[in-house]
Amino acid sequence: MKKAGIIMIIGSLLLLGLFKFPLWNIMLGAPQYPDPLGMNIYIEGIKGVQEFDLQNIDGLNHYIGMKTIPKAEEMWEFSLFPKVIIGMVILGVIIGLLGYFEKVSYKYFLGWFLLMSVLGVLGMYDFNNWLIDYGSNLDPHAIIKVTNSDGTPMSYKPPLLGFQKLLNFDVTSLPHTGGYLMFLGMLLTLVAFWLGRKVSLKQLNNTPNKALN
Amino acid sequence: MKKFLNISIGFLIIAFAFTSCNNGESSKSNSALSTNAAEKVYIAPGEHDSHYAFISGGYSGNLTVYGLPSGRMFKEIPVFSQFPTNGYGYSEETKAMLETSYGFIPWDDSHHPDISQTNGKLDGRWIFINGNNTPRIARISLTTFETEEIIEVPNSAGNHSSSFITENTEYVVAGTRFSVPIPQKDMPIKDYKGNFKGALSFISVDPEHGHMDIKFQVLMPGFNYDLSHPGRGKSHGWFFFTTYNTEEANTLLEVNASQNDKDFIAAINWKKIEEYVNNGGGTMMPANYAHNVYNETTHTATSTIKKEVRVVNPAEIPGAVYLLPTPKSPHGCDVDPTGEYIVGNGKLSANLTVHSFTKMLKAIENKRFDGDAYGIPILKFEDVLAGSVEQPGLGPLHTEFDGKGNAYTTFFISSEVVKWKLGTWEVIDRKPTYYSVGHLTIPGGNSREPFGKYMFAMNKITKDRYLPVGPEMEHSAQLYDISGDKMELLLDFPTHGEPHYAAAIPAEIIKNNSKKIYKLSENEHPNKATSDADTKVIRNGKDVHIYMTMIRSHFSPDNIEGIKVGDKVFFHITNLEQDFDVPHGFAMIGANNAELLISPGQTRTLIWEPKQVGVWPFYCTDFCSALHQEMQGYVRVSPATSTLPLSWSLGE
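Protein sequences, first through last, are from chains C and B.
Heads up, the first sequence is in full-length UniProt numbering, so the first residue is 1 and it goes up one at a time.
Heads up, the second sequence is in full-length UniProt numbering, so the first residue is 1 and it goes up one at a time.
Derived by calculation from the structure, the hints in this document are not laboratory data.
Errors might be hidden in some of the hints.
Result set (DSS-like, lysine-lysine): computed pairs, CA atoms no more than 27 Å apart in a straight line [claimed, not checked]:
| hint | chain 1 | residue 1 | chain 2 | residue 2 |
| --- | --- | --- | --- | --- |
| 1 | B | K367 | B | K380 |
| 2 | B | K611 | B | K40 |
| 3 | B | K380 | B | K262 |
| 4 | C | K202 | C | K107 |
| 5 | B | K262 | B | K362 |
| 6 | B | K515 | C | K47 |
| 7 | C | K165 | C | K71 |
| 8 | B | K306 | B | K121 |
| 9 | B | K453 | B | K404 |
| 10 | B | K519 | C | K47 |
| 11 | C | K47 | B | K516 |
| 12 | C | K71 | C | K103 |
| 13 | B | K460 | B | K542 |
| 14 | C | K71 | B | K190 |
| 15 | C | K165 | C | K103 |
| 16 | B | K193 | C | K67 |
| 17 | C | K145 | C | K67 |
| 18 | B | K271 | B | K421 |
| 19 | B | K516 | C | K71 |
| 20 | C | K71 | B | K519 |
| 21 | C | K165 | C | K3 |
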């Protein structure tokens, strides 16, 4: 359980990367933007990849009536997410330590992973809702109005994950360094669970022999 | 007159002799064109050229930027001329750039660009260029590609042997072509001889921000100072100037200044004069010259008039100046990359004369003088001669070097470039040019490290090279591949104005430093408006100041009322964009100047004096977005007696 506890601690600590690196990245390339515009989504707010990207994205988006990209203080998510992450890190480290000293079962590792996954899915769901609102809740006075073939207004929602073409823009949405560190951390907590389980199963198998001695 | 005729006839015979003997050669070399020249200059769409070429615009007063090897023109940088394309010299911020002691001069004849150097290598920070007619030197930033500073040169006339720089950009020189009375005075022109002087100005360049200051002027005898080049390597610390009219004639110079068998190359030990000046040598004399500096954060130029200049008399500084006899009205004065050879191309000489710096020092040491001119020692021709290239062509003008021990000289009369070897003086190759070539350029040509892959020749006559466009054609430049033993003509391309001389540099040295926008947060223009909240209209007597912003695709404000006939309206406009290559234009109907082209983050001011009652539109001239056409506004102009208050709005 010692090794598993250490891996659990390392895995939880990797989430701290989210305070330094972006969780997600959305790049917008177009013929007239050979150097694509981009936004990095941190748990504490949205920043442009280059200094003036947000300003330029907003400048372009006003033609289709999109709202400006929210400032950190304009979305409750950006004050809640850091707290959730810190909470999960502390929880993970405590569980890891308790695991190290064999005070709790390896099953707590899986519990942490499942809780983190649920929170993650909720976060993605929230993020997706925001993207939908951002991409389809358009100013009725928008200069450019594009409709789909069925007559409904076109949505400019960027993809949650992957690539999509939006008018003249090629939009790519992918996790960034902070996100990858988080996934790696979560993977490590699964490894910790698996290792812990292996060790404890071995101990279980060894117990009858011990009794014989 | 009879003498003149004799010379002309003699000249024609020589010209005939040379051209006829060259014909065989040139037709042979033409066959080299059947190679893969097109492939060598082809830059696929979206690809970048490997070199920048900065070609002077001559009488356009500008500097144009080209790519090599494609020959595509990228930009025209206004320097000494007003430029309606972007309002340079018309906008309130840039008018000061063209101020001189003679007042506002919106034109000049720009001749010789030279790129700044560190340790004899091109560093790509600035490019300098001379204004020939109203003597001036300009410094252009190679991050913004805008003219940042212009200094006028007093006591000078026809600023031709200029603007060449020393190997750590310590000095840029401004040598006068015409000698004049110093100080200027009312005197008979026929008394020229012995009374006129030629000022060679050494302008120091601040190593940090590039600001220029005339450190001293050497008052030389009344010859014409034609071209110059700095020493480099072993001859660093010296500067060489070709002279003609050592006869000091003042009329019909084509004859009277062509009498002496030898004119001079003046060798100037500037380090020695610098030391003399630093120790208090020379005298301050009253002068009157403008110094114009453009500030990149206020986006505004200011002009100050300076009132004195330090002059030195070369005869009073032993060892500072020597004269090297050089045959027949030398034009080009070119120093090879090692600094050993000084090539003096005698325009009227059949041979190319090359002097040796080492021999020159030795002759000075041994005091092998052949008299003096106004107290300046003249060295003996034989003592300083390194060698000569025998009968290479007709009318030699300029020489550049490939850094591999070869020199390339242009021949104006026989229209060709001749490649020859330094040291052995043998001719290796010759290629025709079309036609009447002046300067030629090898990237890094005026440095210790030329980049000897390309050479281009700048021709004076274009004739049948392109589709005809009436009696006046743009001049033609021709690009040659010089990487092999033989030169290969790759490309013809038209240039703008007179492509007098050029400087070229590998693209990597400057392209990554090129500025993409001006940061709005760093804009310190006193009349900026950095957000819509800052926009306003203020009346001050008959002056009305409009503080306006522009962004895709509107002006703020776009409706302005309360302006009256007889007002002087100042449009102070700030471009709020922070996106590469998104300038906006501003054009006002009836404005008596030009439009404005305002870069992202920049503020510019245009004056408009409405003369008629009505509602008058303004609009953006630079196609900026899908709604560019909608980027417009109106100014309502009421009678002079109107009491309508000022008002302005956007979106109401």
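Results of checking the hints against the structure:
{"no.": "1", "hint": "B/K367 <-> B/K380", "result": "holds, 10 Å"}
{"no.": "2", "hint": "B/K611 <-> B/K40", "result": "violated, 57 Å"}
{"no.": "3", "hint": "B/K380 <-> B/K262", "result": "holds, 11 Å"}
{"no.": "4", "hint": "C/K202 <-> C/K107", "result": "holds, 15 Å"}
{"no.": "5", "hint": "B/K262 <-> B/K362", "result": "holds, 21 Å"}
{"no.": "6", "hint": "B/K515 <-> C/K47", "result": "holds, 22 Å"}
{"no.": "7", "hint": "C/K165 <-> C/K71", "result": "holds, 26 Å"}
{"no.": "8", "hint": "B/K306 <-> B/K121", "result": "violated, 32 Å"}
{"no.": "9", "hint": "B/K453 <-> B/K404", "result": "holds, 11 Å"}
{"no.": "10", "hint": "B/K519 <-> C/K47", "result": "holds, 18 Å"}
{"no.": "11", "hint": "C/K47 <-> B/K516", "result": "holds, 20 Å"}
{"no.": "12", "hint": "C/K71 <-> C/K103", "result": "violated, 44 Å"}
{"no.": "13", "hint": "B/K460 <-> B/K542", "result": "violated, 51 Å"}
{"no.": "14", "hint": "C/K71 <-> B/K190", "result": "violated, 79 Å"}
{"no.": "15", "hint": "C/K165 <-> C/K103", "result": "violated, 53 Å"}
{"no.": "16", "hint": "B/K193 <-> C/K67", "result": "violated, 79 Å"}
{"no.": "17", "hint": "C/K145 <-> C/K67", "result": "holds, 15 Å"}
{"no.": "18", "hint": "B/K271 <-> B/K421", "result": "violated, 31 Å"}
{"no.": "19", "hint": "B/K516 <-> C/K71", "result": "holds, 26 Å"}
{"no.": "20", "hint": "C/K71 <-> B/K519", "result": "holds, 21 Å"}
{"no.": "21", "hint": "C/K165 <-> C/K3", "result": "violated, 47 Å"}
Going down the numbered hints, you'll see the structure goes against 2, 8, 12, 13, 14, 15, 16, 18, 21, while the others check out.
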